Amino acid sequence: MMKDRKERLKPSGGYGGLAIKLIIFIAAVFLLQRLVMPKYTGTVIEGNFTEEYYRDETPHELLIIGNCESYENISPMKLWEEYGITSYIRGNSNQLIPQSYYILKEALKYETPKAVLLNIQAMTVAEQSSEEYNRMVFDGMRLSREKIEGILATKLSDEHLIEYLFPILRYKNRITNLEADDFKYAFTKSPVKSYNGYYLRADVRAYDESSVPFERRLPDYSFSEKNMDYLERISELCREKGIKLILMKAPSMYPVWVEPYEEQIKAFADSQGLLYINTLNHMEEIGLDMDTDTYDEGLHLNVYGAEKVASWLGEILVREAELKDYRSDQDISPVYEKRLEAYNSEKAEQKAEFEETGYISKYRNQ
Amino acid sequence: MSYISYNFIALVAAGLILYALLPEAAGKYVLALMSVIYLITAGGVTSLIFLLIGSAVSFGAALYIFSSEKAHMRTAVLIAVIFFHLGLLFWFKYNNFIGYTQLAFSELTGGSFEFEPVERQAPLGISFYTLMLIAYVADVYLKKYSAERSFLKFSLFTGYFGHIVQGPIDSYDTQGESISTYHRLTREDLTEGSLMILYGLFKKLVISERLAAIVNTVFSDYASFSWGFLLLASVVFSLQLYTDFSGCIDLVTGVSRLFGIRLSQNFRRPFFSESIAEFWRRWHITLGAFFRKYIYIPLGGNRRGKVRKYLNTIAVFAASGLWHGGKWTFVIGTGLLHCFYMITGELLKPIFECFYRLTGIRKDSSLMKTLRIIRTFLLVTIGFVLFRSDSLTMAGGILKGIFTLSPGAAGEAASLSYGFFDAIGLGSADSIILVISLIIMAAVSAAEELWEKGAESGALMTKLSPARRESLIFIMLLGVMIFGFYGRGYDASAFIYSNF
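Listed in order, the protein sequences are those of chains L and V. Each residue of the first sequence is one higher than the one before, starting from 448 at the first, in the working numbering. Each residue of the second sequence is one higher than the one before, starting from 7 at the first, in the working numbering.
Note that these hints are calculated values from the structure, not bench results. Each hint should be verified, as a subset may be incorrect.
[What the hints assert, rightly or not] Partial list, derived from the structure: chain L residues whose beta carbon lies under 10 Å from chain V:
#1 458
#2 465
#3 469
#4 471
#5 479
#6 603
#7 610
#8 613
#9 615
#10 619
[To be verified] Derived lysine-lysine pairs resembling DSSO-like cross-links, with alpha carbons at most 30 Å apart:
#11 V:34 / L:457
#12 V:34 / V:149
#13 L:785 / L:552
#14 V:355 / V:315
#15 V:355 / V:369
#16 V:469 / L:468
#17 V:469 / V:355
#18 V:469 / L:457
#19 L:457 / L:552
[As the list claims (entries may be wrong)] Some chain L residues close to chain V (C-beta under 7 Å, calculated; not the full set):
#20 468
#21 472
#22 474
#23 607
#24 609
#25 621
#26 622
#27 623
#28 626
Everything numeric in this text was worked out from a predicted model, so none of it was measured. Yeah, the Cβ is synthetic: ideal placement off N, Cα and C, and Gly gets one too.
Full structure from sequences and hints, please.
This is the structure we're talking about:
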């Protein structure tokens, strides 16, 4: 019976012939997929952040997790420069709390930091607003159980897991408008754009209260059950691994962090015995000046603001999480010093360009 | 779940594996399970309930008719079944017909009648399975075959996932046994089925969805466009409808073929037709066959004189037009207009014969054949303009724009002010892909047409060696995967004919 079935279904050129055709097909799909995947080499570079983490071979004592408030408001290079802290930001645009959980869980497969600093602004975001944000979080993530669970937990209702596993199914339309970088970086990695996950901006656009988008009063400011559940999971995960979890609200002027949010986070931190730092309450102490320390009118800090936050925060982190000073470490120090040099160089270049032109050309279209 | 969805692919793959691994006796249960899953996920439990009720009514009625010797009771039961099925169909799909009729009349007479249609959620595939259920009882009544005694077998035929959404409208004597019989999976069925599926996806996702972009752009703002754009969009819609509908049929025929089931042919390169009559023998073949078999011939066909023949033709096309929907754009566009063409064609036949005789032009010359093909295509396109239009006014506006060579409200220059491709709503790269794809489809169709005329099997795939067919599967899969319009931002899962 089985023999008969095998005979009936045997491909014309035998199974070997079919295997060869299949291999050619898979190779073609792979090649095309590499071509059409977005390279994020233009004005939106955040799409590379998730993947860049895997390229950093040094261990980190501090992982900073969260959405844009995490990767734009704290400078890991300053943490290194002043305190010798080895840190990495695993954050992305509109990264949801459940996504942060899976990103953290995955990172803990590669390393066990002493501390995790979780920016909690995303607690206010119940659902993803746009597919692009999900894509930027997950496209660069290595295939893993965490990736699959993360996608299933946060995908929009009309998104499909299979389109994340085989991105060619989603990006195939790009075949008609490929750019030079699509070919250039099809099989080589594009240059690292962040500094340990930090998004460097040296331009300045002062905070202007009148330009803050109007925010409608909500009937209920309770965090969603899902976000609370994943916050608890993050806490539990850190506890299991012996990691000090610190909650933080970064000093972004908007979206407005209202009192009910603050109360809920405080209550959670108290119930879990966690340290919670709301930097909005320490603006003066940090030395933040929203006329000079933001590049987009208070939504995010620029490098000057992010360095001030790092400078202020570093002391707390060293004290609370007993982070070690690695500046004299033979293996790590050279790597970080080289990176710091590049960071300072880009900061200087952006500063010079901004002073001359009033903008940073590579981010001009944003 | 729609035919174009990852879930459907998973359903077919899982069904195929079960079909291959389970004992032969389980084959029909696998197909039944697949059909139930498909029906519930695509149309909801209500669709399944209505299908089962309809099937039970026809099943029971046929059993009674088959066993009863009382002629008047047999006839009464047949009539009751027809009324029952048509009643349900009318309840769900034609509840607005009177309103639409008043509206059409008002539009034609310049009135101001306003009408808000009440939409009812019709059970999935009701237009298709209603005809199959009526045909079954009628065939048993006419003693063409005996009544089925297994309800599972019968309901598997009516609810079979491969033909419930868009047909083909199969008849029980040709497909009932085939669907419920176990077919051993073979390499031939798997490769040919896969090729049919991919060719269907190519038509639907690569061609039809691109054509839809053009049609939607122009038809949604038809008054602004000049006659050239209107003509282009009208022609494009004919191609869209064909690639959409026949693409779906190829898809379900291919899926059925994987399981060894050979569904009835529903399209045979209709745009190669030289006359309207031929067109209806090539387009939606099973629908045309149904009306010919159950309306035209019982009414006397062409055996009772010309007037009666014309009346029968009108009856058939009115029914066909009405079947497409309870709006006059359908009744005229796919029914009465074609009827007009056919009767006019018959009446003018002597004049054409005289023309050929006097001029000495050979009727069967390639040039005349080509001209007749173009003429038929354009005539059909006029009907499809009505089919695609929301109202008779809209259809009239488009046709008037074409025939009066209107520059459009915005003027020709305005239409082109942002460039041709922006004007038609399809980018240049996609337009190139579309043109190449249409050339491929036309070449395949032309080759099949020539082979068929040479009394050979018409299908391209039969000309290929098994090894080449397997290679073609991978090439087509890659082509559809890359160039298909699907995923977020597209509603490729919506087939035009699934609305009927």
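Structure-based check of each hint:
no. : hint          : verdict
1   : 458           : holds (6 Å)
2   : 465           : holds (7 Å)
3   : 469           : holds (7 Å)
4   : 471           : holds (7 Å)
5   : 479           : holds (6 Å)
6   : 603           : holds (8 Å)
7   : 610           : holds (7 Å)
8   : 613           : holds (9 Å)
9   : 615           : holds (7 Å)
10  : 619           : holds (5 Å)
11  : V:34 / L:457  : holds (24 Å)
12  : V:34 / V:149  : holds (26 Å)
13  : L:785 / L:552 : holds (29 Å)
14  : V:355 / V:315 : holds (16 Å)
15  : V:355 / V:369 : holds (12 Å)
16  : V:469 / L:468 : holds (20 Å)
17  : V:469 / V:355 : violated (38 Å)
18  : V:469 / L:457 : holds (20 Å)
19  : L:457 / L:552 : violated (45 Å)
20  : 468           : holds (6 Å)
21  : 472           : holds (4 Å)
22  : 474           : violated (11 Å)
23  : 607           : holds (6 Å)
24  : 609           : holds (5 Å)
25  : 621           : violated (10 Å)
26  : 622           : holds (6 Å)
27  : 623           : holds (4 Å)
28  : 626           : violated (13 Å)
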